[in-house]
Amino acid sequence: MLTAILSIAILGILFGLGLGWAARKFHVDSDPVVDQVDAILPQTQCGQCNFPGCRPYAEAIAAGDAPINQCPPGGEAGVKALADLLGLDPMPLNPENGEEKPATVALIDEQTCIGCTLCIQACPVDAILGAPKLMHTVIAAECTGCDLCLPPCPVDCIEMIVRPRQDGTWTWPQPVAATVPGQMRTGVT
Amino acid sequence: MFRRRKDKVELARRAGDRLHRFHGGLRLHHYKKISCEIPVQRAALPPRLYVPLLQHTGREAEATVSEGQHVLKGEQIGCFKQLGSGCVHAPTSGTVSAIVRHPISHPAGEDGRCIVIRPDGLDQWLEQEPLADWQSLDPAALLQCIRNSGIVGLGGAMFPTAYKVQEASERGIHTLVLNGSECEPYISCDEMLMREQPDSIVLGARILQKAVGAERTLIAIEDQMGAVHQALQAAIDRSGTASISIVKVTTIYPEGGEKQLIQVLTGLEVPSGGRPADLGLLCQNVATATAVARAVTEGKPLVERIVTVTGSGVRSPRNLLAAIGTPVSNLVDQCGGYLPGAARLVLGGPMMGYPLASDSNPVTKAANCILVLNEDEIRRPQAEMPCIRCGECARVCPALLLPQQLNRSIRAQKWEETQAGGLRDCIECGCCDFVCPSHIPLVEWFRFGKSRLQELAAEKQRADRARQRFEARESRLARNSLARKQRIAEKKRALRADAGQQEKIAESIERARKRREKTE
Amino acid sequence: MSRHFATGGAPHFPPHRTVGSVMRQVLYALAPGVAAYAWFFGTGVLLQILLATVFALALEGAMLKLRGQPVKQFLGDYSAVVTAVLFALCIPPLAPWWISLTGMIFAIVIAKQLYGGLGSNLFNPAMIAYVVVLISFPQHMTAWPQPAELASHGLGPLEVLLTVFSGQPAGGLGWDAVSGATVLDAIRNGAAAGQSMESIRQSPAFGQLAGLGWEWIAGWYMLGGLWLLWKRIISWHIPVAVLGSAFLFSSAVWIADPAGNPSPLVDLLSGALLIGAFFIATDPVSGCTSPRGRLVFGAGVGILTLLIRRWGGYPDGVAFAVLLMNMAAPLIDRFTQPRIFGHD
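Residue numbers (the numbering used here), protein chains in the order written: chain G, 1 to 189; chain C, 190 to 709; chain W, 710 to 1053.
A few of these clues could be false.
Claimed, not checked - Derived lysine-lysine pairs resembling DSSO-like cross-links, with alpha carbons at most 27 Å apart:
{"hint": "1", "chain 1": "G", "residue 1": "Lys101", "chain 2": "C", "residue 2": "Lys680"}
{"hint": "2", "chain 1": "C", "residue 1": "Lys693", "chain 2": "C", "residue 2": "Lys707"}
{"hint": "3", "chain 1": "G", "residue 1": "Lys101", "chain 2": "C", "residue 2": "Lys707"}
{"hint": "4", "chain 1": "C", "residue 1": "Lys680", "chain 2": "C", "residue 2": "Lys693"}
{"hint": "5", "chain 1": "C", "residue 1": "Lys649", "chain 2": "G", "residue 2": "Lys80"}
{"hint": "6", "chain 1": "G", "residue 1": "Lys80", "chain 2": "C", "residue 2": "Lys197"}
{"hint": "7", "chain 1": "G", "residue 1": "Lys101", "chain 2": "C", "residue 2": "Lys603"}
{"hint": "8", "chain 1": "G", "residue 1": "Lys80", "chain 2": "C", "residue 2": "Lys680"}
In case anyone wonders, no lab produced these hints; they're calculated from the structure.
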């Protein structure tokens, strides 16, 4: 009887120590959920999700206060990534927040610009340069294509254009391939 | 396998003492003899030369001539200032008739700007200034000369040579490797060059060796290039250089790839994402060496190259010395034209070459071979079968990848898995594609996957910057609004402290009250 | 005038083999073994191959049609034929026709097509089929014929036909007249009865080295397998690992107790070990793909087979061993990824 109790106790202590050791040894430091969500969001800072920026939306998602389908710039792929991260079912984008569009940048028509600085104040990433009564211009490399500079412009001199490709780069197309195995492939690049 | 760089560099010093194997690869039929029977001939100048401004890695050069201007052979017509080495020279004397967008031999089949030159038939050189005595010059002067001559890697990479040499010399190079093992079937331009101009290659080797500060040079040739060995050896003996030696490597595709050749010579692997310089080695193509020799000793920039025009769809295959910018159609015509059944035009070899949609494409500095393949020698549009996991692709992969797993993760868009699977280490040699019984276009998928990985990395970088800038702005706005609040509070406090002001305020309030009562 | 060409991705050379050609070569490699089989045991095996192939192709065609896949292209890959032939070689040559039908339903419909067809099956279809019929119809699946020299009555082609389609030996003969214990049965029963190897070897089923007739068939299978190796249809890893591990395991047990265990040679040449090593375990779809993974996979098959032979409930264990290792294959692959070029 005594041996039985003792041996069980010793085993229990040993396993307990082992588990404790393993918990420390294999401890994985993970980012707080907010950071992980924020890393997936595209950082357009456009506010289409009805939050003032990506970070606030990430906080709301992490707290469970907002659904994951309110980010049009992130698109379906973004929703899927969020669903994977949070263990939720992927859902279609909420059309109330907008549609998924190709990436754009703002372009100021410098002839029309009157130098009112309203767009500069609206830009969430400080990507517009200029001074009062002087012409403004967009730093295309920093522009996230959020559209926020469009409404305040009194002379409608800002246009959103498809983001130009970086010089000297090109991409290979997705092969025309059988998504269903066995479909015919035509030899094209 | 882990060794420090220093140890690896020491091991690499023994390069060539013993030959090693690289993993996988294919023994392909060479098809080289058909284009080696006639000596290299100079191609006639076409009525129009289309000289692309993009003949190096990176961005297009800017034209430095204008329409209607007369240029001499060897005159600079395009220059790319940022790297300082992507310059382009007039391949003959004549008039610039236009600067247009034209199909260039771009990997993805895109157009590029070309300077169109109408030759005047005189082929008159710009006055040349060869370096007086290269042996007494310091490496910097040699590099300057190489840079100004517009020399890029002629094996097909088009990487600016001066840049590569300079970067390597900063890391310390002990051995220069001249790559004469053109492993792709059909291509024979380097073999012909080594046979016919061995002295020029040896001279180029000596110059490059000095420019990079290497102790010795290895010229790697294939074991099936019979006459080349004697020719090169004789040239080395004539030059009286003891530091140059020849190594014969076994012909297994793709042993001419830089990383594979280094593995064959040293048994060491170039670290992932690294350069041969990490092992103290610099690799250059043999044709690049002759271009260097010409630039330094004769003052002639790179305006022509040997091109193999061959394949089952060409009447009489041969090697031609062609001016850069010569349309492909012109060269094919000089080889007797197409044979009936010619079905594909390839720039480069049958394994890695780029398909050309039209033969109006001009010859570029990287154009080692114009290959015309017959109907029955190319892959027909065919049914792709599902992968049966036979593992042949992994067996032949020189980069030790598992192509079928990469294929699966790319198609499933699992980009993290793709990256972990080493897609970036794929050299696109096409071995896996060639052996796949299911006819899966693996290389096409890998190229697409690489593009996507690059895009995603760029996207991530962009997002990170946007986040930073957004946060910086938020904190600045918060700071400003706090400062404003403080200012207002301070003003109020100041007003309250001043009795005279307080009185005035009371008066004005009183006035306002009376006015209101009056109106009511 | 510029001329235009159709473009296509590199490499431009056509691929040098197809799934169909690979599978056909597997069939060619089986031919010598099949011929030896027919030589020693009569034409039954040929009839079984024919039956299984017809059933397999019919079922595969029907399933492809149902799944909306191109029928002609996939029937032309010969994978169903390979499955059918391997199955037919595993069942007794006088088994009734519906054994084949049941087996092929499980192999083609369930194990292969319901999992997604060629390339998607988790388990070796032929072995699934074999195990299903072995467990469901044990009496039919253990009626192995005697080699011609031992049988009191050799069956002609017509009698074979009648036997297979009626389910009873033709000409009023009993099953005892045409069938007998195999070597593995003899070893198993002998060991259960406490006999020593010496006396077990006196069983008429034994030939020079192992089973009478079977030793030759195994040899011919091995020759076909070596041809496949030479043609680079299969890699050496799995056959070497299966046979090597089986040999080592068997030797160890035999050295420990020579009287109670058959010699390693008997083990290697009996049952389905050789055809298993070269033709069954090498099925690429359900096995491992990385070279080291294949070694582990093969070693697992070899050792499990021997474990089942010695201490399991069946005289042979190749089918069970292969299926068990199929289950482990993804895990093995995961832990045996090769090092990538240029990575330490």
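- Given pair status - C/Lys693, C/Lys680, alpha carbons within 27 Å: 16 Å, holds
- Hinted pair G/Lys101 and C/Lys603, Cα distance within 27 Å: With Cα atoms ~22 Å apart, G/Lys101 and C/Lys603 stay inside 27 Å; holds.
- Holds or violated: are the alpha carbons of G/Lys80 and C/Lys680 at most 27 Å from each other? 53 Å, violated
- Message: Please verify whether C/Lys693 and C/Lys707 have alpha carbons no more than 27 Å apart.
- Response: Holds, at roughly 21 Å.
- Agreement of C/Lys649 and G/Lys80 with the hint, judged by alpha carbon distance not exceeding 27 Å: 17 Å, holds
- Holds or violated: G/Lys101 to C/Lys707, with C-alpha atoms at most 27 Å apart: Between G/Lys101 and C/Lys707 the Cα gap is close to 61 Å, so the pair fails against 27 Å, i.e. violated.
- Message: Would the hint linking G/Lys80 and C/Lys197 be met if the CA-CA limit is 27 Å?
- Response: 45 Å, violated
- Taken at face value, is the distance from the CA of C/Lys680 to the CA of G/Lys101 at most 27 Å? Roughly 49 Å between the alpha carbons, so the hint for G/Lys101 and C/Lys680 is violated.
Hint check: violations occur at hints 1, 3, 6 and 8; the rest are consistent with the structure.
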